[in-house]
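Chemist: Quick note, the sequences are listed as chains B and R, same order. Each residue of the first sequence is one higher than the one before, starting from 1 at the first, in the numbering used here. Each residue of the second sequence is one higher than the one before, starting from 1 at the first, in the numbering used here.
Simulated from the structure, these hints should not be mistaken for laboratory data. Be aware that one or more of the hints could be misleading.
Identical copies look the same in the list; a pair holds intra-copy or inter-copy alike.
[As the list claims (entries may be wrong)] In silico DSS-like cross-links for lysine-lysine, where the CA-CA straight-line distance does not exceed 27 Å:
no.	residue 1	residue 2
1	Lys3	Lys305
2	Lys305	Lys23
3	Lys305	Lys90
4	Lys380	Lys347
5	Lys380	Lys343
6	Lys98	Lys305
7	Lys3	Lys330
There are 2 protein chains.
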Amino acid sequence: VFKHLGIYGAGQLGAFLCQAARKLDLETTVIAAQADDTATSFADHVIIAPLDDMQATHELLAACDVVTFELEAVPPDVLRELERQNAAGKVRVAPAAKDLLLIQNKHSQKCWLQDQGFPTAPFIDCSSDVTAAEAAEQVGLPFVQKTHRGGYDGRGVQIVRDTGASTPFWPGATIAEQFIEPKREVAVLVARSSVGELALYPALEMEFDPVGNLVRYVVAPAPLSSDIAQQAARLSADVVVAMNGVGLFAVELFVTPQGQVLVNEIAPRVHNSGHLTIEANATSQYEQHIRAIVGLPLGSTEQLKPACMVNILNEPDLAGAVPLAEPGMKRLNSSTYLHWYGKAPTKPLRKMGHMTCLAETLDLARAQCDDAMASLAAQKGELA
Amino acid sequence: VFKHLGIYGAGQLGAFLCQAARKLDLETTVIAAQADDTATSFADHVIIAPLDDMQATHELLAACDVVTFELEAVPPDVLRELERQNAAGKVRVAPAAKDLLLIQNKHSQKCWLQDQGFPTAPFIDCSSDVTAAEAAEQVGLPFVQKTHRGGYDGRGVQIVRDTGASTPFWPGATIAEQFIEPKREVAVLVARSSVGELALYPALEMEFDPVGNLVRYVVAPAPLSSDIAQQAARLSADVVVAMNGVGLFAVELFVTPQGQVLVNEIAPRVHNSGHLTIEANATSQYEQHIRAIVGLPLGSTEQLKPACMVNILNEPDLAGAVPLAEPGMKRLNSSTYLHWYGKAPTKPLRKMGHMTCLAETLDLARAQCDDAMASLAAQKGELA
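Please build the complete structure, drawing on both the sequences and the hints.
Modeler: Given below as structure tokens:
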């Protein structure tokens, strides 16, 4: 029986993991870059250190019997040390370090998807002197250029529309991927436990804001035909099984106007698109992740009501709004839940919190989110 | 969306499937050998015919959009016809006909387990003139002789203790398997859905009656160390995944005194050891099976309380007892459930019904079962 969970990273995902761990009677330690990171308010113990501080890793390993991640950008030498300790039976590390190593490099991730025969947009590697014109010849125009490493929340990704000077082609290790104009972008959360249980959440639809390439709304269940929903579910399950993954994985998919389902990317961790599972599903993605990695039976993924989540970004409308004095959740009414991360508004569009609304239909849930956001903007911080 | 479930076989397992189907809004048709088979009281439509009546199969296929089995002994030519109709997209058949074909032959089942690398007792095929002495030389004495086909509830299985005349060695197609004196015989119910979800029930322990080689009691969760429980769970999950199985499967296992876990047999269907899931678990094995084959999200397998089930057999004590006028369930008190199958007591030790008790501990649940059985014997039919 595991007693102490260590978590790399201390943002809102880590905070929600700490809350779920408490429910399951696990002590928590997080490695946080900053003393005021969101999860520091929810963890039992905090190690303040950058992720590449090997001393911090040894401190974490000394305290914990199971270790996980709220983000995939953990330095490779730290991951290799975790793999060694896991192989030696000193600690359980899940998901496996090899999965993070694979996924944190977008080129290796695409190669793996292709090798395994999963449908994904065509791409070429641009590491060695491939020019924009050569990339365009291979995958067409426009195309998406992605850096091998370090992409996150819209960073490290650009759309190249012509091979002239309007979008400078990035040098260095990148891939060029055929541009898919999807009808929908959906994510399927897949939990797979250390004994092989596998549970799927109903597909989530992500709606991206054109500015900043950030998710604005997430709704669930995604409005898909039952045929497409089954394809998406099966493909996502197959991806996680092929990876022999343990833990919660978010499989991001494109649904094309022609009804094809393509894998876009895999996140080997709880996902910002899954916040609404806290209120909308019988078991949240956070609790499910912990159940999966410590070998507890998986909980029901049943969705209780249609749900909409809206991200609260640092924008002019809301600049300086502090609706809650402390990071945490406030139930604004019987079916509207405000989560506030307590982060400093250090940069435009930073995720400051989110709101989840449950209703009888997706349209009603979304309207309720919009109303609640409007009153948040009108009251600027007076909710606290 | 599936609307009409066809079931081969109409005993108590079929009856419980019909009840679960009603809950999920599916119409049911069963093929019953006799007009008074238990499930005929619970199905919406009944076809009275032997299983090998191809006309009955065509009648079933005309009515149903999804077809399943309460037993594996469906004739191969019927299975091949179902496979054709399934491949043609005219009906969904689950589990797959190939799984039943594999499993209904104990020799092919053992070969498959061995080929897949799953731990199972050593055996040899005795189809071609192998004598008892040769079998004993290969697998030791005593050994278990099993007919390739037709074994069920203790039939087609014998223990050979010496190569003399005391136990006549059966001629014909049989296997001889090393005799394992298990510390425990357990079963793990594994549900796997058409999209790849996989759910495990806590292991059940089966206690066999020495007379008749029949299960007398089943308790859950089986009292296993967490290490053995994990081994059993993982092995069972792996077996069903390796088979690419869809539906509920019961994986029967031996736990040896040395702590080895061996696969004994696979049942590609709901299982008599799983009756207690009706009251003890959030989702019964019957509902779960239907969810799995029609592609609904799997339900939670959580066990609410320790449980004991006792089979009510046709024995001198209870001969002629008819505790309920009709087949069905009666709650005897807040945690004791009597299920009566309404079968004629045609032969000794026939399963007439079962009783499930929930309590705070396995010992209390078992004591409660024994008390309830004693009053059933004392009252002989007066409960009705």
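Chemist: Indicate, hint by hint, whether the structure satisfies it.
Modeler: Against the structure, the hints come out as follows:
| no. | hint | verdict |
| --- | --- | --- |
| 1 | Lys3 with Lys305 | between (33 Å within a copy, 24 Å between copies) |
| 2 | Lys305 with Lys23 | both (23 Å within a copy, 20 Å between copies) |
| 3 | Lys305 with Lys90 | neither (42 Å within a copy, 33 Å between copies) |
| 4 | Lys380 with Lys347 | within (18 Å within a copy, 79 Å between copies) |
| 5 | Lys380 with Lys343 | within (16 Å within a copy, 72 Å between copies) |
| 6 | Lys98 with Lys305 | neither (37 Å within a copy, 39 Å between copies) |
| 7 | Lys3 with Lys330 | neither (29 Å within a copy, 43 Å between copies) |
Checked against the numbered hints above, the structure violates hints 3, 6, 7; every other hint is satisfied.
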